[in-house]
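**Q** Listed below are the residues making up each chain.
Protein chains: 2
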Amino acid sequence: MSERKPRIAVDMDEVIADPLSKFISLYNRDYGIPLDLQILPGNEMYHHVPENIKMKLWDYINEKGFFRDLAVLPDSVEVLKQLQEKYDIFIVSAAMEFPNSLQDKYEWLAEHFPFIGWQNIIFCGHKIVNVDILIDDRIKNFVDFDGRKLLFSSPHNMLLTGYERVNNWKEVGEKLL
Amino acid sequence: MSERKPRIAVDMDEVIADPLSKFISLYNRDYGIPLDLQILPGNEMYHHVPENIKMKLWDYINEKGFFRDLAVLPDSVEVLKQLQEKYDIFIVSAAMEFPNSLQDKYEWLAEHFPFIGWQNIIFCGHKIVNVDILIDDRIKNFVDFDGRKLLFSSPHNMLLTGYERVNNWKEVGEKLL
Numbered sequence: 001m002s003e004r005k006p007r008i009a010v011d012m013d014e015v016i017a018d019p020l021s022k023f024i025s026l027y028n029r030d031y032g033i034p035l036d037l038q039i040l041p042g043n044e045m046y047h048h049v050p051e052n053i054k055m056k057l058w059d060y061i062n063e064k065g066f067f068r069d070l071a072v073l074p075d076s077v078e079v080l081k082q083l084q085e086k087y088d089i090f091i092v093s094a095a096m097e098f099p100n101s102l103q104d105k106y107e108w109l110a111e112h113f114p115f116i117g118w119q120n121i122i123f124c125g126h127k128i129v130n131v132d133i134l135i136d137d138r139i140k141n142f143v144d145f146d147g148r149k150l151l152f153s154s155p156h157n158m159l160l161t162g163y164e165r166v167n168n169w170k171e172v173g174e175k176l177l
Numbered sequence: 001m002s003e004r005k006p007r008i009a010v011d012m013d014e015v016i017a018d019p020l021s022k023f024i025s026l027y028n029r030d031y032g033i034p035l036d037l038q039i040l041p042g043n044e045m046y047h048h049v050p051e052n053i054k055m056k057l058w059d060y061i062n063e064k065g066f067f068r069d070l071a072v073l074p075d076s077v078e079v080l081k082q083l084q085e086k087y088d089i090f091i092v093s094a095a096m097e098f099p100n101s102l103q104d105k106y107e108w109l110a111e112h113f114p115f116i117g118w119q120n121i122i123f124c125g126h127k128i129v130n131v132d133i134l135i136d137d138r139i140k141n142f143v144d145f146d147g148r149k150l151l152f153s154s155p156h157n158m159l160l161t162g163y164e165r166v167n168n169w170k171e172v173g174e175k176l177l
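Chains as they are written, first to last, in full-length UniProt numbering: chain P, 1 to 177; chain H, 1 to 177.
The set of hints was computed from the structure by calculation and includes no laboratory data.
A quick note: this is a predicted structure, and the numbers were derived from the prediction, not measured.
One should not assume that every hint holds.
[Claimed, not checked] Some, not all, of what chain H presents toward chain P, calculated at C-beta under 10 Å:
| id | residue |
| --- | --- |
| 1 | L26 |
| 2 | A94 |
| 3 | E97 |
| 4 | V129 |
[To be verified] Covered stretches of chain H (in silico footprint by chain P; criterion: 3 or more residues with CB under 8 Å from a CB of chain P, positions within the stretch not fixed):
| id | region |
| --- | --- |
| 5 | 114 to 122 |
| 6 | 136 to 142 |
Cβ atoms here follow ideal geometry from the backbone N, Cα and C, with glycine treated the same way.
Using the sequences plus the hints, can you model the full thing?
**A** Right, here's the structure in full:
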């Protein structure tokens, strides 16, 4: 493995894809939750909807199509394209938790990140990947990982300290290019 | 990572699932290829059908449903159940090459290997998994892997030497239990 390019594993949801805006728009459509809802630091989306519709989140996320039309997070396409010259980029998503998402996520990646081939896409549960750098918004994925961990900012992780944090893709580019 | 159970990554096709019999039955149905066809050592399935229908293989494999009803290879369920007591078992399939297979493979695993949770299923391209043992029929998946490699016998790999070979799941059990 000595002469290979360094490898970066990149999470999907809340790192390159935006499920939060989709949740908000669905909650708005079905229950009138305001579209300008802000998720407070340390909170998950479900902390911001009334108790009786909290669990609706799981219906949304398990629905076929949920992941197919998520917005792409700013600058992720451009920065990943640049990083690809220097690194071997893998997309690593814990998609297996939501089996209906598998095809959607595959097609979403093919549409927005066509420069990342199927060889470099990994849908899994535990992220037991042999890479050098992991960019993720969930610290549970860092627990068993020995490489460099970049915590990608998302509302739910904003109170966490002690991690190397990146707030957006421009910052990822500054650190890794 | 020091106190974890050792991890085994197990390939799907030609290791726990039997696509070859399915190919033969489809070729039989469509072109009268005999059902008792034997694949000679070193050969792939496509070496055993006439030139003009060789590529039909790719149509079969890309069809939704192809992977959903494959036969389970003998003793794989029982031995993996036993191995699970001592090892952390991951199913690692290069399913990403055939996006239509993702849901089928997920459902097939849920049906036949319900004791393996979604956390331990990995659909990928390159198998860059951080495990201790890899059981696979394709040596290309061994190239970049530092752990113990068990070559699971399948017609196409029978001429290869220099690998630790297992001919069936009973032998896997004898080696690893």
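**Q** Hint by hint, say whether it matches the structure.
**A** Structure-based check of all given hints:
Using the Cβ-Cβ criterion of 10 Å, the hint placing L26 (chain H) at the interface with chain P is not satisfied: the shortest such distance is roughly 23 Å. At about 8 Å, the closest approach between the beta carbon of A94 (chain H) and any beta carbon in chain P falls short of 10 Å, and the interface hint on this residue holds. At a threshold of 10 Å, the smallest CB-CB gap from E97 (chain H) to chain P is about 6 Å, leaving the interface hint in force. Interface restraint check for V129 (chain H): the shortest CB-CB distance to chain P comes to about 6 Å, inside 10 Å, so the restraint holds.
A count of 6 residues in the region 114 to 122 of chain H with a Cβ less than 8 Å from any Cβ of chain P is obtained; the coverage claim is therefore met, three being the minimum. Chain P is given as covering the region 136 to 142 of chain H, and this is violated because 0 residues of the stretch bring a CB closer than 8 Å to a CB of that chain, at least three being needed.
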